[in-house]
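Please put together the full structure from these sequences, using the hints given.
Residue numbers (the numbering used here), protein chains in the order written: chain A, 1 to 114; chain B, 1 to 110.
These are calculated hints, taken from the structure and not from any lab test.
Cβ atoms here follow ideal geometry from the backbone N, Cα and C, with glycine treated the same way.
Errors might be hidden in some of the hints.
Using C-beta positions, here's what the derived DEER-type ranges look like [as the list claims (entries may be wrong)]:
id, chain 1, residue 1, chain 2, residue 2, range
1, B, Ser24, A, Lys14, 40 to 46 Å
2, A, Ala2, B, Lys63, 44 to 50 Å
3, A, Pro75, B, Ala77, 42 to 48 Å
4, B, Arg61, A, Met27, 27 to 33 Å
Below, a list of computed lysine-lysine pairs in the DSS-like style, where the Cα atoms sit at most 25 Å apart [claimed, not checked]:
id, chain 1, residue 1, chain 2, residue 2
5, B, Lys69, B, Lys59
6, A, Lys102, B, Lys97
7, A, Lys102, B, Lys63
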Amino acid sequence: NAGVTQTPKFQVLKTGQSMTLQCAQDMNHEYMSWYRQDPGMGLRLIHYSVGAGITDQGEVPNGYNVSRSTTEDFPLRLLSAAPSQTSVYFCASSSQGATNEKLFFGSGTQLSVL
Amino acid sequence: EDQVTQSPEALRLQEGESSSLNCSYTVSGLRGLFWYRQDPGKGPEFLFTLYSAGEEKEKERLKATLTKKESFLHITAPKPEDSATYLCAVSEAGYQKVTFGTGTKLQVIP
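Structure follows, in structure tokens:
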């Protein structure tokens, strides 16, 4: 019963470094998404995917790239990290899209950019 | 633009003291309103989905209700284990996204 698995749990980067946050789900969900959570701002959608090979931008996509080559995996790439990207990142999935289905969340990745 | 406003930001209750959390929303065509619970250091965990005004759902000490402009999460005789941040979210018909509020941090004191 793994559900949604995110790695790593913690990461510290220097400004300008790149990295990939991993997200995998074992529920055969078509919909996957990435959120960031900042104090006082709630969860904000970065990118989402409605199926393999299909991705789209959310509310705060700048500085992030995604791809979806398989149903199970949805990695989030930071090409050149900035201090403004310090946040907690959550991956979420659902079986039939976001509009009327509950989201299953991973346990999060806490990222600090120095 | 969808907006979700939750109040209060924080709530401190004595064990057994019932209360309600508020979620007001602005959306063109509501598809669903969601309540989630989030414990420190963890991802949100789904509680309820409400689809239309007048709908109510219950789970143990929690009851969620929905009107055309707001939702309430009623907590009856809370216990310390109910302490968490409660998040409200809405989805709009035709859009593959969910908009979250900033949450209400609930603390239940023994």
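Worksheet item: Taking 25 Å as the top limit, are the C-alpha atoms of A/Lys102 and B/Lys63 close enough?
Response: holds (17 Å)
Worksheet item: Range hint 44 to 50 Å: satisfied by the CB atoms of A/Ala2 and B/Lys63?
Response: This hint is violated: roughly 31 Å between Cβ atoms.
Discussion item. Would the hint linking B/Lys69 and B/Lys59 be met if the CA-CA limit is 25 Å?
Written reply: Holds - the C-alpha atoms of B/Lys59 and B/Lys69 are around 22 Å apart, at most 25 Å.
Worksheet entry | Supplied distance hint 42 to 48 Å, evaluated on CB atoms of A/Pro75 and B/Ala77 | The hint (42 to 48 Å, Cβ to Cβ) holds, given that A/Pro75 and B/Ala77 are roughly 44 Å apart.
Discussion item. A range of 27 to 33 Å was offered for this pair. Does it hold for the Cβ distance of B/Arg61 and A/Met27?
Written reply: holds (28 Å)
Practice prompt. Could you grab the alpha-carbon distance between A/Lys102 and B/Lys97 and see if it respects the 25 Å cut-off?
Written response: holds (12 Å)
Discussion item. Taking 40 to 46 Å as the stated bounds, is the beta-carbon spacing between B/Ser24 and A/Lys14 within them?
Written reply: Between B/Ser24 and A/Lys14, where Cβ atoms are some 41 Å apart, the hint holds.
The structure fails hint 2 only (numbered hints given earlier).
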